[in-house]
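Engineer: Sequence:
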Amino acid sequence: MSSGSSAIIHLDPAAKVAEGGERTVYVHPHNQHLLIKVLKPRHTDEFNRWTFGHLTQRYFPKTRYRSTVKQYDEYQRLMFAHMDETGFVPPITHLYGFTATNLGMGGITERVTDGAGNNAPTLEQMVKHGTFGADDLDRLNGFVAHLYEVSICGADFGPANFVYGHRHLGTHGQMTDKQWVLVDGFGDRFAITIRSISEKVRRLGMDDCFKRSKKVAGLRWNPAKRQYQLTS
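Residue 1 is where the sequence shown starts when you use my numbering, and the numbers rise one by one after that.
Hints in this document: simulated from the structure, not taken from any laboratory. A few of these clues could be false.
Stated by the list, open to error - Mimicking DSSO-like on lysine-lysine, the simulated pairs with C-alpha atoms at most 30 Å apart in a straight line are:
1. Lys-225 <-> Lys-178
2. Lys-215 <-> Lys-40
3. Lys-214 <-> Lys-16
4. Lys-40 <-> Lys-225
5. Lys-214 <-> Lys-178
6. Lys-70 <-> Lys-40
7. Lys-225 <-> Lys-215
Construct all of the structure, not just a fragment, from the sequences and the given hints.
Structural biologist: What follows is the structure in structure tokens.
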């Protein structure tokens with residue numbers, strides 16, 4: 001085996017632990033506290049409509065990585081904005097760079113887990129399964145207030161992008177108490193990136209993201225209070 005092939009991380013396609021519209025998620029085979037997100041393979045002929053999105057992805061395939069690039073831009077902006085704060089932990093997932101895999105280039109991210117070491121449940125899963133109560137709501141709204149405080153560049157605040165579980169931080173992966181984390185859906189994806197430089201515009205953008213987010217029965221967003229509320 002060549003040195004190049006030995007450096008590639010091999011992932012089992014059947015071992016995915018999550019899947020989004022654009023990426024498939026795997027547990028890092030050498031570190032259970034990390035995830036590898038691999039862009040789904042797409043063929044140019046899949047983008048056959050005459051829309052701006054399909055045209056750009058048809059003729060400029062690398063634009064499919066745009067959301068990942070924007071996530072890294074936002075992660076870097078947020079960390080540098082708080083670099084003088086000792087012990088600052090971002091409310092968004094840590095991003096750890098990229099690695100070559102047998103399924104394509106993968107982005108390495110922090111993994112948030114439940115008490116058994118599995119992927120932490122999403123807000124959507126908790127509400128649908130009936131495990132989301134009043135105490136969870138209070139913690140979620142406290143987290144939302146923190147998101148507004150640090151002012152995140154939002155892209156998709158759907159309930160599948162919020163997870164509640166343990167983080168594993170530091171060199172030895174020290175486990176934290178359970179907390180909410182935004183694991184996807186951040187980054188300034190607009191052509192004119194004013195959100196990246198304006199705190200006020202970022203917060204207005206967050207308002208819009210929460211307003212447009214996917215609805216889940218039993219939970220609704222109150223834009224006036226910038227809080228979630230339980231519904232019967």
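Engineer: With a cut-off of 30 Å on the C-alpha distance, tell me whether Lys-40 and Lys-225 pass.
Structural biologist: Measuring from Cα to Cα gives roughly 38 Å; hence the hint is violated.
Engineer: Does the alpha-carbon distance linking Lys-70 and Lys-40 stay inside the 30 Å limit?
Structural biologist: holds (18 Å)
Engineer: CA of Lys-214 to CA of Lys-16, is that 30 Å or under?
Structural biologist: holds (23 Å)
Engineer: Mind checking the alpha carbons of Lys-225 and Lys-178 for me, to see if they're no more than 30 Å apart?
Structural biologist: Holds: Lys-225 and Lys-178 sit about 25 Å apart, inside 30 Å.
Engineer: Is Lys-214 within 30 Å of Lys-178, Cα to Cα?
Structural biologist: holds (24 Å)
Engineer: Below or equal to 30 Å on CA atoms is what counts here, so check Lys-225 against Lys-215.
Structural biologist: Given pair Lys-225, Lys-215 holds - Cα atoms ~17 Å apart, limit 30 Å.
Engineer: Take a quick look at whether Lys-215 and Lys-40 sit within 30 Å of each other, Cα to Cα.
Structural biologist: Holds, at roughly 26 Å.
Of the numbered hints given earlier, the model fails hint 4 alone.
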